[in-house]
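Chemist: Sequence:
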Amino acid sequence: MGVDSVEFHIWQKGHTDECDKNFDGTSGAMEMYAALIMWRRSISDRQMRFVSMLSDGDSKTFQFLSDNKIYGSDIKIEKGRVPESYCKEARHIALRNKVKEWKVKSDSDGRK
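Using this note's numbering, read the sequence shown as starting at 152 and increasing by one per residue.
Bear in mind the hints are in silico, worked out from the structure with no lab data behind them. Do not take every clue at face value.
Cβ-Cβ distance ranges computed for the label pairs, FRET-style [to be verified]: (1) M199 x N248: 23 to 29 Å; (2) H166 x I194: 28 to 34 Å; (3) T167 x K239: 22 to 28 Å; (4) G231 x K251: 27 to 33 Å; (5) I226 x E169: 32 to 38 Å; (6) K254 x K220: 40 to 46 Å; (7) H243 x Q198: 19 to 25 Å; (8) K220 x H160: 39 to 45 Å; (9) R242 x R197: 22 to 28 Å; (10) S193 x G153: 32 to 38 Å; (11) I226 x K254: 40 to 46 Å.
Note that the Cβ used here is the ideal one computed from N, Cα and C, for glycine as well.
Full structure from sequences and hints, please.
Modeler: See below:
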């Protein structure tokens, strides 16, 4: 789905109405800082620690989390690799589901 597709425009219209920009930086940096926030609050919010991270192999997030020693220098994070084809398929499924959701919402609101 490209930025000129009907599906993208449906998604963008619904997304823009309810989502404000809250990060200045690249998408890669956003991924790293979002992970840092989630991993840090895992102890206070859930009394648990993440001890392994699965990624598609091209993420700098693992190294960023390791360098920040989120749980102290005694706890090492393990890295697992997920085949890229699985990650792409999961993203496509999530995007298709979101487009369907926005189509239903748009139709029920009487907006086109």
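Chemist: Let me make sure I understand: some of the numbered hints might not hold for this structure. Which ones are they, in numerical order?
Modeler: 7
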